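Colleague: Sequence:
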Amino acid sequence: MGVIFFILIAFSVAAGFLWTLQEMIFKGKWTYFIFFLAAFLPFYITTLSVTFLATGSAAIVSLFQISKELIVLIAGLVFVIYQKKIFSYPLRMQATDWFMLAFIGLALIFLFLPIGQASFTNKALYFKSILIPSLIYLLGRNTPFGDLELKSLFQIIFIIAIGAFLMNLVENYLLNAHLQQFTGYALFNQEINDIEPQGNYNLTWTFETTNAMKRLGSFFSDPLELASSVLMGFAAGLIWFLTSERDQQWKYLLVMLCCIGSLVFASSRASFAAFFLMIFFVALVFKLYKLIGIGILSLLLFVGYVIFFAPEDFYFYVVDTLTLADSSSVGHVVEWVLALNSMVTNPMGIGLAMSGNFGSVTDELRVGGENQFLIYGVQLGWMGMFLYIATLFSGIWTSIYVFKNSENLNLARMAFVAGTVKAGLLLPLFTANVEIYTYVSWVSWWMVGLSVREYSRLQLEAFREELAI
10 MGVIFFILIA FSVAAGFLWT LQEMIFKGKW TYFIFFLAAF LPFYITTLSV TFLATGSAAI
70 VSLFQISKEL IVLIAGLVFV IYQKKIFSYP LRMQATDWFM LAFIGLALIF LFLPIGQASF
130 TNKALYFKSI LIPSLIYLLG RNTPFGDLEL KSLFQIIFII AIGAFLMNLV ENYLLNAHLQ
190 QFTGYALFNQ EINDIEPQGN YNLTWTFETT NAMKRLGSFF SDPLELASSV LMGFAAGLIW
250 FLTSERDQQW KYLLVMLCCI GSLVFASSRA SFAAFFLMIF FVALVFKLYK LIGIGILSLL
310 LFVGYVIFFA PEDFYFYVVD TLTLADSSSV GHVVEWVLAL NSMVTNPMGI GLAMSGNFGS
370 VTDELRVGGE NQFLIYGVQL GWMGMFLYIA TLFSGIWTSI YVFKNSENLN LARMAFVAGT
430 VKAGLLLPLF TANVEIYTYV SWVSWWMVGL SVREYSRLQL EAFREELAI
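Numbering (our numbering), first residue to last: 10 to 478.
Don't read these hints as lab results, they were simulated from the structure. In this text, all values refer to a predicted model and were calculated from it rather than measured experimentally. Just to be clear, a hint being listed does not mean it is correct.
Unchecked claim - No farther apart than 20 Å at their CA atoms in a straight line, the calculated lysine to aspartate or glutamate pairs in the EDC-like style are these:
(1) K38 x E78
(2) K36 x D156
(3) K137 x D106
Using the sequences and the hints given, assemble the complete structure.
Modeller: Have a look at this one:
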């Protein structure tokens, strides 16, 4: 059975990769790399696991591993080749561009400076994890997509969101087990990542709550990645629901319900909170103050239910979460304290590959690791953390500006998703190394880049109108 799954997956990935290469190289459509990433990244770890289970070959696994970076690098190369006058290419830098370049420049300096105890190889691998999303942002920044192409990307996002929920249903009601228990996930982690099976399900502790209840991850790498990723599906479904004809709205309502269902199956408290933060953010953007009032009322009703009517187990689960008394919350706090202590002691940073959960960070050297902001702060110092925060918030602001001001409906929709997803992920960023969740991280950074491109066009258009006056 594993061999059959491997053949199907290998054929699908190879076909998608080759089709993308054909479109990029022979037709100059370097922008199409984003279609491959959006369709492949949700299945990335499942693909690697099934491949190793079927072949037992680390070399074959590595072919699939490098495909995602390779497609980005080829897209960048084709972009340069197809520019007839590359040195006269118009550059209109915006705030997000400057912050992103400064962040990457600082990371590049840390790569070559003799700072930290990590090997140069591990530092280079970690730098790659920072560089690739930045290249994706840059490519998005130069992407001239039309309506059909934008709609196609939305369709991929919708299919992923619905497919993830359907797989959750299969896991919960047909298999009564995690999909990862059948894909060779534990074996892959043990042999390739040197991570021993953990927890009651012989996967990792991420796949269960503190009372050993299953947390489902669908075909994503784990429940936390699923929970973060469906926020993008929900935001996409929401904006299409709000901007479509009434007789078409049911399709996007279905997408949103599937995303909420996956959130429930993933049982991620940070992502639940992020979901409500995103709803609050949307209410502010649309000035739906009644929605904010309904949200506050719902919160009060929930508090009343917990205090007066909830079962004892659920009551203490909520209380332990709020008071940080459960082991998971305590673990977050411990990691934060370690990271902050390092930042106070070494405000200039202790070097790349010294914090976080990325593969090149060894357990012996890891300092902190469950807060994306602090992970960068530990490695790149306070300056690195603030540059990352500035890039993030300027990207959110720019995306929402484009959503409100662009006359291109589908571009405005994409900008809305970029802004709301990045805003919604602010809470998960406090409790997880979210940038390693490549699907939601890379695709949303591409969306931010696309939004900054449109923002630059709008600013230039406004400047020309002022000159005409």
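Colleague: Now tell me, hint by hint, if it's right for this structure.
Modeller: Hint-by-hint comparison with the structure:
Among the hinted pairs, K38 with E78 is consistent with the structure: their alpha-carbon atoms are about 17 Å apart, no more than 20 Å. Taken as a hint, the K36 and D156 pair is honoured in the structure, with Cα atoms around 19 Å apart against an allowance of 20 Å. Between K137 and D106 the CA atoms are separated by roughly 19 Å; this keeps the pair inside 20 Å, and the hint holds.
Hint check: no violations occur; every hint is consistent with the structure.
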